[in-house]
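Respectively, the protein sequence lines represent chains A and B.
Heads up: the first sequence begins at 1 in our numbering, then just goes up one per residue.
Heads up: the second sequence begins at 1 in our numbering, then just goes up one per residue.
Since the hints were derived computationally from the structure, they do not count as laboratory data.
Possibly wrong hints are sitting among the right ones.
Mimicking EDC-like on lysine to aspartate or glutamate, the simulated pairs with C-alpha atoms at most 16 Å apart in a straight line are [claimed, not checked]:
id: 1; chain 1: A; residue 1: Lys-388; chain 2: B; residue 2: Glu-410
id: 2; chain 1: A; residue 1: Lys-273; chain 2: B; residue 2: Glu-590
id: 3; chain 1: B; residue 1: Lys-437; chain 2: A; residue 2: Asp-351
id: 4; chain 1: B; residue 1: Lys-566; chain 2: A; residue 2: Asp-303
id: 5; chain 1: B; residue 1: Lys-539; chain 2: B; residue 2: Asp-514
id: 6; chain 1: A; residue 1: Lys-382; chain 2: B; residue 2: Glu-410
id: 7; chain 1: A; residue 1: Lys-339; chain 2: B; residue 2: Glu-410
id: 8; chain 1: A; residue 1: Lys-337; chain 2: B; residue 2: Glu-275
id: 9; chain 1: B; residue 1: Lys-489; chain 2: A; residue 2: Asp-343
id: 10; chain 1: B; residue 1: Lys-86; chain 2: B; residue 2: Asp-12
id: 11; chain 1: A; residue 1: Lys-276; chain 2: B; residue 2: Glu-590
id: 12; chain 1: A; residue 1: Lys-339; chain 2: B; residue 2: Glu-275
id: 13; chain 1: A; residue 1: Lys-339; chain 2: B; residue 2: Asp-558
id: 14; chain 1: A; residue 1: Lys-337; chain 2: B; residue 2: Asp-563
id: 15; chain 1: A; residue 1: Lys-284; chain 2: B; residue 2: Glu-590
id: 16; chain 1: A; residue 1: Lys-339; chain 2: B; residue 2: Asp-12
id: 17; chain 1: B; residue 1: Lys-574; chain 2: A; residue 2: Asp-285
id: 18; chain 1: A; residue 1: Lys-272; chain 2: B; residue 2: Asp-563
id: 19; chain 1: A; residue 1: Lys-339; chain 2: B; residue 2: Asp-528
id: 20; chain 1: B; residue 1: Lys-490; chain 2: A; residue 2: Asp-343
id: 21; chain 1: B; residue 1: Lys-566; chain 2: A; residue 2: Asp-274
id: 22; chain 1: A; residue 1: Lys-282; chain 2: B; residue 2: Glu-590
id: 23; chain 1: B; residue 1: Lys-437; chain 2: A; residue 2: Glu-237
If you only want the chain B side, here are some residues facing chain A, beta carbon under 10 Å, derived [as the list claims (entries may be wrong)]:
id: 24; residue: Cys-273
id: 25; residue: Glu-277
id: 26; residue: Leu-280
id: 27; residue: Glu-388
id: 28; residue: Ser-484
id: 29; residue: Arg-486
id: 30; residue: Leu-520
id: 31; residue: Ala-525
id: 32; residue: Asp-528
id: 33; residue: Gly-591
Quick caveat, the model's predicted, so the values are computed rather than measured.
For every residue, glycine included, the Cβ atom is placed at its ideal position computed from N, Cα and C.
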Amino acid sequence: MDDIDAMFSDLLGEMDLLTQSLGEETPPPASLPSSNQEVNFSIGFTDLNESLNELEDNDLDALMADLVADLNATEEKLAAEIQGLKEPSLPASDLPPPPPKGLSTHPSSSPSPMRSSSSSSSSDVSTPASSATSPLPPPQSTKPSKEEIEAQMKADKIKLALEKLKEAKVKKLVVKVLMNDGSSKTLMVDERQTVREVLDNLFEKTHCDCNVDWSLCETNPELQLERAFEDHENLVEPLLAWTRDSENKVLFKERQEKYEVFKNPQNFYLWKKDKKALKDIKDKDKELLIQENFCGTSIIVPDLEGVLYLKEDGKKSWKQRLFQLRASGIYYVPKGKTKSSRDLVCFVQFDNVNVYYGQDFRSKYKAPTDFCFVLKHPQIQKESQYIKYLCCDDARAMNLWVTGIRIAKYGVSLYDNFKTAEKKAAVSAVWTNRSTPSSSNASTPSPTIKAKSPSQANGHASSPQPGPLSQNVGNTLPPPPPPCEILPPPPPDPVPSPPPPPPLAAKNLARPPNLTNRHLPTNFPPPPAMDNLPPPPPPPPMDDSPEAPPDFLPPPPPAAGFGSLPPPPPPVSSLPPPPPARFGGIDQSLPPPPPDPEYLPPPPPPVFTGSGAPPPPPPPPPPPPAPAPVAAPRAAVRPSGSLKKVPPPPPKRTTPPLHGGGGGGGGGGGDFMSELMLAMQKKRGDH
Amino acid sequence: MAAWDLSVTVVDLGPDAPPVTLSVTSDLHVGGVILKLVEKTQIKRDWSDHALWWEQKQKWLLRTAWTLEKYEIHADARLLFIPQHKPLRLGLPNGITLRLLASFSSPVFQTVMGICRMLNIRHPEELSLLRPVEEKKKKKDKDSAEEIYDLTEVPLSSASRPCLYNGMPAHFADSPQMEAIYKMLSITQPPPAPEVIAKQYRPASVVDKAHINGRWLDSSRCLMQQGIQENDRVWLRFKYFAFYDIEPKYDVVRLAQLYEQARWAILLEDIDCTEEEMMLFGALQYHISKVSQSEPQLMSTSAAMDDLDSALQSLEVKLEGEKLAMVDLLSTNQQLSNVTVCFRPKRLTLKGYKQYWFKFQDTSISYFKSKEESIGEPIQQINLKGCEVAPDVNVTASKFLIRLLIPAPEGMNEVYLRCENEQQYAQWMAGCRLASKGKSLADNSFQSEIQSIRSFLAMQKTNAGSHGNAHAADESINTHSLVSPRYHKKYKAKQLTPRILDAYQNVAQLSLTDAVMRFLQIWQALPDFGLSYVVVRFKGSRKDEVLGIAPNRLIRIDLGVGDVVKTWRYNNMKQWNVNWDIRQVAIEFEGNINIAFSCVTADCKIVHEFIGGYIFMSTRSREKSDTLNEELFHKLTGGHEAL
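Construct all of the structure, not just a fragment, from the sequences and the given hints.
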């Protein structure tokens, strides 16, 4: 046993390092030497502080929770690994080594030694872990004496660990999104989130009608370009291409042309016909067109052909050429040649370029008309000869071309996106209808709110929002309505919000994964849980489920535990995966516990508290780092044990923040954490 | 009733045997005639497949209950007693000829169904038979030695679905020879020699392309009625370009043959494409031929495989743990680090290459003054994700350049890496390719990427080295085999290689099935895909024009301009009629649009059948099960015969 303890403390030490590095990951790297890629961690802000200050309270909370969750995740992973110790190949111990390396190389880098600051791209997550493996294997191997655990279990754990590790390395950006009315919203976006998910997020925050036209667009004032992100794209990636001093903006607005091709396919596929005939086209025929062009073995690109003006490389003049759109690219007919396919000259292929609308090119580039579009590599942010400028006679032609190019480039994803968006719109329409009335009366809404409140990290007064219910919550807290039915305790009017209803807390605690996910739908851990629970609003499940169901072996238990069986203890014992079980047990016991109420009466911050970060941010006195960690692992180690060690969990959670705050080595990380804490406090104080 | 003599030739008695004469009455039914006949021949054998063929009227007497009177047969009728199924030489889309028994008595539509059943091709309604283009008889008839795969031993079955054994119809599992035939059917053929392509007939114009469509056999009449004799050659081809419900698991033969037909259509410029597209098709062909050689057990997607899945999955989990370790090795110990030379062309500076110590990490390369300094800060680090990678290689001149176009906010930076040798080049090129797609060297495709780059280099070597010599047949493929003859003239093989290689990088990771599917998708995305041309004369017009028949529309092409003048979609079509007397097709579309034309290069029955056929194809749907509605097909395509 002593051995084990010793090992644990080792591990903990390493964990500290790891957590530091994690902490650093999110905040802006102090210095980014990389030449060709600068990373702004807050998009749309001049500096991080500003961005932090602008974060809405809930966002801030969310961000915080997120950070904490990351740490938790790591801990859990460690715990899990410890369990599987005997396996020599287990990466558990290895994790530690990387951090130092990472630190030394670059502030921004996470555990991966190989990562350079510029490698913000996700790349493969597994690598780092592996690198770590080599050093520490020996100690682990000493342990084999223990009875065998099922290979399956081990495998699962490894998998879990890998997932967690991945999660821990996920890049997150604070993004400021400009609304139609000139206001703005600030969100945290993690690199795995698709534009669709971010849109859903925004739907909740804005009470808009959720129709399919809502888009996220990026604008580039320098080049006077605008482009709507496609729903399946990851948002973070294109944002990372922005330069540090970029004036670029992210807009949230309706763009009619986004899915026009699916609403009126005839305008694109039969564009040569006269307009009147197109207008009178029957729905049945529209459907047929979509069927023909998007549902076959191959996606058919509208056959566009026409004279466009081309701004020649580096020259100021615009020259006319006969262009043709094909699935493989844009071609033009060289002088004196026929239009036959084999004579066509390739103008551009779509693999590496995006299509943008140009704005006011008539004055900027002396374009013949203002209906211009541009093809360029997303990384290019300034004037360059590699940007292709094209100009059409009228808006119709421009939309035809841009849409045609999008079809050629994105293929069936475009149609899939549309179907998803349509479903979303339909569902939210139903919801708004339904929820509007209900929102007013306390009884019905209560469930949702509850569910929501945790997810939103206690948006405090947030209660009013009617529409959002389904989505936000859906992602994070799967079981809004159902729980209410099952859980008697919650009934109290949620709105009042003051104290964190015990069940809530329990909930949060119960599912470690959820914590992670909280605001970020991306962290799908919840999906499994959701499955178990009668999913109330259809939409949420969709969002989550596709993602990482695997990790979450643990969630199911909690779900079951709290969903059906309020009394935690039984489940605990029965559940093999110790960590979750433990949590479950804890929650039950903890909810009432002091922290939450005492510290923060109004906001439900309990989430955090419960989760570990004791509200008092800067002074991390409570749990001394060393002991706490030890305890935690231990607890983890003894699965059979039972719930006893209530204390361990809290300390665990605390540990990370501790390090974060005091975090010696990784100055950046520490600063950021305390910064956050401060910000949070401030906000709370305001209230 | 008076008895009279009916003479029937029994072919099985030998060519010189006199006709058998029977004494019959007019109320004798056909079955009775056959019974008498068989008794008279005194030969004991299975006559069940035999039937009477009335030569003058070109008609089978298949209704055994009908009397001679009803058939209006008199003493002057010349009747033949012959088998209904006879051997036919069938040219497949992949160029191979099969010899098999086909029904000469049922409508061609059914004959094709039977053939497809035997060959395990689903959705036979999409195929039909075509009279072959006469080959110019060369003096030395070396084609006579052409290998013919014999399937005439296969018993005729009427089961609508052959039972599968080992993933293939049971009759193919009988013997190794039969298995070999099935393999031939289901695996794509290696690229043809350039001379073979060059030798084939290539349509030079739309009118040329139209001629082939005059050769389709009539689906509603039988082979005998269309003058096809025993052992004649016909082609089996996909006729309707509306491929329904392609399912790689069940459609092994169908996919392989479809691919072959598409490939030949591209190689012979039956369908036009751009140079870039041609290169991509070439790359896919190369890839497909390579993978199909190394992955021959494609067809054995049996149930056993499914069971394996779960086992594999759990294994995978374990491996993932181990992969960690391996990846680590790869990335730390074997990172590519090498002295290479770097050249960055900046406008006017033509300064040469400078040597640096390069290191490949993750998706970035960084370079240092020297190896010793490689522990410290690099001079520069370049992330290759999203960059364009192009080869600039001349093996004979030992030039191994990698051209990188690296995106940056200000534009694209052009960087050249010069490698010292093939080995180094292959590694770095592979690394750059993966990195440009965001994958690191640890990706398991790294080795295969290196391999494929090397094999392309090898190709260049043999092509350049052995000019005129027999091509080293084994490893290397002549790139001229992958493109249409137009490009044989335009490019030398070694010029072609880098271009195809360039396109190849986007497809190199595809599995065989995916690659075939991709090929078909790109083919189907070509603007002219699915068009069958017929030269017609529109009512009131004085010149020939071309009618293009596509799965969803008709187009009218002006021969002078070569442009599409008009498009009519079937879904706007109210009705179409054929006036069989003046052989004119008349079509009415919504909005009071009426068109009428007579057909020049094909019988109007063929056009009629095309239109009706496509309408039939569009009625197929999953709900209606997968039994073929033969009756509807004939109703839509039969014309006056159907009535």
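Taking the least C-beta to C-beta distance, is Glu-388 of chain B closer than 10 Å to chain A? holds (6 Å)
Cut-off 10 Å, beta-carbon criterion: hint that Gly-591 of chain B touches chain A: holds (8 Å)
Does the interface hint hold: is Glu-277 of chain B within less than 10 Å of chain A, judged Cβ to Cβ? At about 5 Å, which falls below the 10 Å cut-off, the nearest Cβ of chain A leaves the hint on Glu-277 of chain B intact, so it holds.
Proposed proximity, Asp-343 of chain A with Lys-489 of chain B (alpha carbon, max 16 Å): holds (15 Å)
Using Cβ atoms only, decide whether Leu-520 of chain B comes closer than 10 Å to chain A, and label the hint accordingly. OK, holds: Leu-520 of chain B within 10 Å of chain A, min 7 Å.
Given hint Asp-563 of chain B paired with Lys-337 of chain A - CA-CA distance at most 16 Å: OK: Lys-337 of chain A and Asp-563 of chain B at ~14 Å, within 16 Å.
Check the hint pairing Lys-339 of chain A with Glu-275 of chain B against an upper bound of 16 Å on the C-alpha distance. holds (13 Å)
Between Lys-276 of chain A and Glu-590 of chain B, does the CA-CA distance stay at or below 16 Å? It holds: about 14 Å lies between the C-alpha atoms, which stays within 16 Å.
Could you check if Ala-525 of chain B really has its C-beta closer than 10 Å to a C-beta on chain A? Cβ of Ala-525 of chain B sits 4 Å from chain A, so the hint holds.
Are the Cα atoms of Lys-282 of chain A and Glu-590 of chain B separated by 16 Å or less? holds (12 Å)
Does the structure keep Lys-539 of chain B and Asp-514 of chain B at a Cα separation of 16 Å or less? Not OK: Lys-539 of chain B and Asp-514 of chain B at ~47 Å, beyond 16 Å, violated.
Was the hint right that Cys-273 of chain B lines chain A, CB cutoff 10 Å? holds (5 Å)
Consistency with the previously given hints fails for numbers 5, 7 and 16, ordered from lowest to highest.
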